[in-house]
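Engineer: Sequence:
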Amino acid sequence: MTELEVSINNSTNEPEQEFRALIGPLEEKLGMRIRCTLVDWSEAWSEMMKIVLYKHGPVISQVGNTWMGSLDSTDGIRSLTSVEISRIGSASSFHPAAWQTVISESGH
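Counting from 1, one number per residue, gives the positions in the sequence shown under the numbering used here.
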């Protein structure tokens, strides 16, 4: 079974349990195991910069939307392809304000 690593911030009382409850149906739909790595909020920025610098780490990471400009300017993010978006729904599957926070000026 294919495995995907995702990092999330340790920002609630039970972040991994909450993540598992949300992600379970997606694992079934995609036919893959999604491994969750918890990152303490106080270390999240430095961990993200290591991932960007060394190009090694989780495929998907939870980040604050205020970080998007900095990550975009370092090529630390990439656009999802239309195929990838179609596998999770579409732009209309997300709240419009949330979707707009991840649209970058450089097209990432």
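Simulated from the structure, these hints should not be mistaken for lab results. Note that the structure is a prediction, hence the values are computed from the model and not measured. Any given hint could be a false lead.
Derived pair list, reagent style EDC-like, types lysine to aspartate or glutamate, alpha-carbon separation capped at 20 Å [unchecked claim]: (1) K29 with E84; (2) K55 with E43; (3) K29 with E43; (4) K55 with D72.
Label-pair ranges, simulated between beta-carbon atoms [stated by the list, open to error]: (5) I23 with R78: 19 to 27 Å; (6) S73 with M1: 22 to 30 Å; (7) N65 with C36: 17 to 25 Å.
Cβ atoms here follow ideal geometry from the backbone N, Cα and C, with glycine treated the same way.
Engineer: Now look at each hint and say whether the structure bears it out.
Structural biologist: Hint-by-hint comparison with the structure:
| no. | hint | in the structure |
| --- | --- | --- |
| 1 | K29 with E84 | holds, 13 Å |
| 2 | K55 with E43 | holds, 18 Å |
| 3 | K29 with E43 | violated, 32 Å |
| 4 | K55 with D72 | holds, 14 Å |
| 5 | I23 with R78: 19 to 27 Å | holds, 21 Å |
| 6 | S73 with M1: 22 to 30 Å | violated, 36 Å |
| 7 | N65 with C36: 17 to 25 Å | holds, 21 Å |
In the structure shown, a violation is registered for the earlier hints numbered 3, 6, in ascending order.
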